[in-house]
Amino acid sequence: MLQEFEFLGVLGAITLTIPVVTLIIAWLLRPKKPNPAKQETYESGIKTIGDTWVQFKAQYYIYAIIFVVFDIEAVFLFPFAVALRQLPLYSLIWAIVFIVLLFDGLLYGWRKGALHWN
Amino acid sequence: MPIEIPTLNIAALTPFLAVTVTAFVVMFFELFVNDKRILGYLSLLGLAVAAISSVMLLGVSPAPAFQEMAISDGYALVLNLIFIVTAALSILISLSYLGDRALQRGEYYALLLFSTGGMMLMGAATDLIVVFMGLEIMSIALYVLAAFNRRKMGSGEAGMKYFILGAFASAFFLYGVALVYGATGSTNLSAIGNWFTSGGGDLTDPIALVGLSLLLVGFAFKIAAVPFQWWTPDVYQGAPTSVTAFMSVGAKAAGFAALVRLLMVSFGQAFTLDWQIAVAALAVVTMTGGNIAALAQKDIKRMLAFSSIAHAGYILVGVVPGTIDGVQAVLFYLMGYAFMNIGAFAVVAVLEHRVAISSAIEEYAGLAARKPLLAAAMLLFMVSLTGLPPFVGFWGKLYVFRAAVEANMSWLAVVGVINSAISAFYYLGVVVQMYMRPAAATEDGEEVVPISLSGPVTITLAVAVIITVILGIWPTPLVNLTSLAVFG
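Chains as they are written, first to last, in the working numbering: chain P, 1 to 118; chain C, 119 to 606.
Bound conformation, chain C alone:
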């Protein structure tokens, strides 16, 4: 008697497989290649294949894979593109950044690709177990990457903190999965949804709701929402800047990816009835907490860490309405955020030289006179992160706030706008340092260390600047792309 083989439909997961296979190939060649930068370019090639296959799959109708465990719907594929952009820009930063610090190793690129694969799996997962798998693949690679600079104490500390707190959050998440499974009898997202709507489940079932709140805690940790944000500044500051750039966007986007699918597909009704207010409250404290803490920062990496917490709050505003418009606004925001935030980190990575400039904001004084173009790029990213037109950050905020207004939650949009005004203070503080303060006087005999811009990181900066400006003036292409993001 032949055994029935489950249908896998591997084609639906081509982007994920392209990235994972590239990671294995990178690990293999790491053993034989002396110039590790080749592996960085090889990784970019793998990401390009993943991007092309994602775009091609967008034209095909969504197909479930691995027995309804994952799906290649528009939502997953648009998210894939966000992860690929994030990974590619970070790899370009890494090619320069690691080389300056003698950290150029093949494992770095392999881990970064594994992490990207985990993110893609989180976006495509339609089963809580697969969400967890993606979460762990992503996180474990990130723990190692955060600690990658072995010669620096701060880096090891970052990795350790991230690992311990991350494991803690995973436990919350798993407990949530267990309770939801206990209540609904399934870990499949649509089956959980069916249980609520037609399967005899009831929206006030205590076990399911406790499970949902535990899942929310797990996700809130990954997206760094207040009050689960305490790890963020230390980890972002200690980790190598190229890794910080990657996880500030990638890990956040992946957390949102699975959270939004869970809330929309599984808890749709329970969410819009009772839970909107909980997520709205999370959004308000996250925006406000992140912005107020960012005001007090003296170190640019810590400042950007708190700013990324605030941005998680703005993105949560788009999640609250529970409408497909809100979801598409979230994706628009994430894509725009990928370019402007990684751009800002690229500037930090260039300036964070061993001796020239550390990451203290004060040391950015007089940058406009020394490197006018670099200062102009930083100015542009800061203005875009504040959310002023004509940059992509403005449209991102506009769309998420509009989704809230359309769902009769104007008060939430008002809180968001007030917070954007607060954030202007610290973003423009960097600009004031660069343009209006003179550089600190050098002592006699002390040499001014030149700031060197090498090829790859210049490409990141150029791409980030161009996209931030173009999408700011003409956001239609990205709007059209995110409008393809529907649940299959």
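Here chain P stands alone, though its shape is the one from the complex:
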């Protein structure tokens, strides 16, 4: 029984070893010549402004949640659209039910003002 899980242990050991060994090799081989410009936080080539610890508007997460509605819709409708011609008619009805349920969620968020930025 336990032998069947052996390969998982081996896999775990290998996945741990490879990155660690690579990092050690890189650390041994690389030249070490630090200067102030190199030590700065990398910010797409632009100098960093102000403190790193700033507050984000928490409201943003509501947009993210609403986005999930479309995300789920896409994930499930793509395979459905591909197989549409081979499916019986009632599967189309289920797809519509599915979209209606998602739409209920979107409508709820919309009416509650989740899409309104202030």
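Just so you know, these hints were derived from the structure itself, not from any lab. Please note: incorrect hints may appear among the correct ones.
Said to hold, decoys possible - Taking lysine to any residue pairs in the SDA-like style, the calculated list, with each CA pair at most 25 Å apart, reads: (1) C:279 x C:327; (2) C:154 x P:100; (3) P:57 x C:281; (4) P:112 x P:71; (5) C:270 x C:345; (6) P:112 x C:170; (7) C:154 x P:102; (8) C:270 x P:72; (9) C:489 x C:217; (10) P:112 x C:150; (11) P:112 x P:72; (12) C:279 x P:100; (13) P:112 x C:223.
Position chain C relative to chain P; hints supplied.
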């Protein structure tokens, strides 16, 4: 080439679908309706449809649904009725309770219905993945409901504690599922059972047994069994009382629903050979721990929380024998518990006014003089929860203890009876406060706030009182109903 569509057999899950669809409809109308109480009544309508379809399905032979993922057997359908009763009585409490606190919102009813749907799914699930789905649907809705009173710190704290510890328990459960799947090669409950009996599996397989113990931990958390009960008093106390009433019965019943099916269908042999003693030990510490902690409580909601832990212990006594009689006794107990416990919480909800009476037990002093009928109802629920005849609580205890005695585990029944005697002390403590202590003297100029009973919560109280008494005198109808609860 046409794709083969799996057979769904949606008819078998009609009660679940009725509740879920109603939840969506409630959410939709929430946007357009100003008087949110209508949504409460709409929810009751949906529950009625679910109840009718459950009763109708009881007459039909059990049918698997969604490729053996769920089943509409007698066991699932009787449980459906328990969940529906719990939800309906809680909604009636909520209609009054939320209105007094300006919390009347449509989302409340939608969440409560989603949670009920999750419970039904747990009762009907025949696959560990679906059990988990039901568990999460139920729990996530309950986390939000526990935190529903946004103006109260305690409510938010309750929701947060419940959420963090609940997520922790879900992780235990999932790990258990993973190990059981690793050992047996299936997540289907009967396939796991077959693996043990004829599929070459062996009852001492370490991975399967570690998996089972992790699953037990997950369930023990949901039914609030000692030593996994620490969240219970804080969550029950902080959550709105109508929500506490709902989850003290519903979440517990749902936890037992899936636990009993798992133990009976999947681990039948392993369970009766080696694991009975583990569940028996859980039952003993749960009964004793719950009762002893309840003795020390000053707040009635905390007292009822610890009492609900003790009741989980009594119900576990019915699970231990692993017989179908034991299972039916468990269902009888849960149904009776739904009426008497929600009844008790309804009284708490009525009295827990912003100013009139808080939930401290001391403030129940002199209630008999102020509101004789309300005090009488509370007396009745307390006596029934103690397990004295002629109330339904007595028969529930009798049946679970009898199942233990018949399985040659009389010692367990003895522990249960001793615990019932201990519980009398704190239940009757409330009665002593109501009937024998005078109300605290009011200071000059302080007005005595009237206790108002509004329509819906009165219905809950009336139904709970009538059923507790009738089933106490004549338990046959419920015995007949639970005897339909067999595994398909």
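(message) Does residue 327 of chain C sit within 25 Å of residue 279 of chain C, going by the straight-line distance between their CA atoms?
(response) violated (30 Å)
(message) Next pair to validate is residue 154 of chain C with residue 100 of chain P; report whether the Cα-Cα distance is within 25 Å.
(response) holds (23 Å)
(message) For residue 112 of chain P and residue 72 of chain P, compute the direct alpha-carbon distance and say whether it is at most 25 Å.
(response) Holds - the C-alpha atoms of residue 72 of chain P and residue 112 of chain P are around 21 Å apart, at most 25 Å.
(request) Take the C-alpha atoms of residue 270 of chain C and residue 72 of chain P, compute the straight-line distance between them, and say whether it is at most 25 Å. (result) violated (35 Å)
(request) Below or equal to 25 Å on CA atoms is what counts here, so check residue 489 of chain C against residue 217 of chain C. (result) Status holds; Cα separation ~22 Å.
(request) For the pair supplied as a hint, residue 112 of chain P and residue 223 of chain C, confirm whether the alpha-carbon distance does not exceed 25 Å. (result) Roughly 13 Å between the alpha carbons, so the hint for residue 112 of chain P and residue 223 of chain C holds.
(request) Please work out if residue 57 of chain P and residue 281 of chain C have their alpha carbons no farther apart than 25 Å. (result) Cα-Cα ~24 Å, so holds.
(message) Would the hint linking residue 112 of chain P and residue 150 of chain C be met if the CA-CA limit is 25 Å?
(response) Distance of about 11 Å is within 25 Å: holds.
(message) So if I understand the rule, the pair passes when the alpha-carbon distance is 25 Å or less; does residue 270 of chain C with residue 345 of chain C pass?
(response) Violated - the C-alpha atoms of residue 345 of chain C and residue 270 of chain C are around 29 Å apart, more than 25 Å.
(request) Please work out if residue 154 of chain C and residue 102 of chain P have their alpha carbons no farther apart than 25 Å. (result) Satisfied, since the Cα-Cα distance of roughly 23 Å is no more than 25 Å.
(message) Please verify whether residue 112 of chain P and residue 170 of chain C have alpha carbons no more than 25 Å apart.
(response) Not OK: residue 112 of chain P and residue 170 of chain C at ~34 Å, beyond 25 Å, violated.
(message) Please verify whether residue 279 of chain C and residue 100 of chain P have alpha carbons no more than 25 Å apart.
(response) Judged against 25 Å, a Cα distance of about 34 Å means the pair is violated.
Against the hints set out earlier in the document, violations occur for numbers 1, 5, 6, 8, 12.
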